[in-house]
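Visitor: Sequence:
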Amino acid sequence: MKFSKSVLASVIISTSWMTTVSFAAEDLTEVVKAGTQINQSATQSQQRIDQYNIDIQTKLQQYKAVNKEVAGLDIYNGQMQRQINNQLAELAQLKLSQQQVAVIERQISPLMARMISTLEQFVALDVPFLPAERSKRLSDLTEMLDRADVAVSEKFRRVLEAYQVETDYGRTIEAYTGMLTVDGSERDVDFLRIGRVSLIYQTRDGAKMGLWDQPSRNWVTLPSSMRSDINKGLRIARKQLAPDLIVVPLNSAK
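Quick note on this note's numbering: the sequence shown kicks off at 2 and runs consecutively.
Check the hints yourself; a few may be wrong.
List of simulated lysine-lysine pairs, DSS-like, C-alpha gap at most 25 Å [said to hold, decoys possible]: (1) K156 to K96; (2) K65 to K96; (3) K209 to K233; (4) K209 to K240.
Quick caveat, the hints were computed from the structure, so don't treat them as lab data.
Keep in mind the model is a prediction, meaning the values are calculated, not measured.
From just these sequences and the hints, can you work out the full model?
Guide: What follows is the structure, given as structure tokens:
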């Protein structure tokens, strides 16, 4: 009977131990499973952290690039603003200039009219060379002054050009042909102009020669002894001879 109780106690103890071992194994499995889950969660968390870090670095690079672009745009905008300010200043200056041009245009038309009138008086009182050409130039200027299709600047340029032509006459030598009344009959003659100091004519046959006398505003007959020098002067003026010294009579006004 005692033996049976001992065996029963051993059986109970063995059963209790096996139950304890079974419970311990189950707990360990749960622990391992929990650890695995923790590790997986940690891995996923680390991956998310790494991805966040990559995103942050990407955003940081984008931010730096945008900041650099903004800095460049600030410089560009500053430059554009300075250009706009300069253009506004130029526009203001142009507006002022336009107002001044309008005033000048109102003043320059009477000035040109006076200049043409003065030039007409000068030609009328000058040595009478190239009368048809000079008269036509003056009539063209007078006609142009009333034309609306010609700019004021062009009108003024042509008036100044006419003055320049008249100025150049005083320092050039020229030979040309024309008609002149000699001894009561109209003759075809050669004219020799040396600046404004001497205007000479010679008939085509060389028989008649004369010098314009400015004080008396008449032609004075020249002696036949001057025919050689006058012919030489005509050939030099026509570029048929090289420039050379010539002896010609001068206007008595000189």
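Visitor: The structure should be examined with respect to each hint, and the outcome stated for every one.
Guide: Now the hints, each set against the structure:
Proposed proximity of K156 and K96 is supported: the alpha carbons are some 23 Å apart, at most 25 Å. With a C-alpha separation of about 46 Å, the suggested pairing of K65 with K96 is violated against the 25 Å cut-off. With a C-alpha separation of about 16 Å, the suggested pair K209 and K233 falls inside the 25 Å cut-off, and the hint holds. As the CA atoms of K209 and K240 are separated by approximately 23 Å, the hinted pair is consistent with the 25 Å bound.
Taken one by one, the earlier hints fail for this structure only at number 2.
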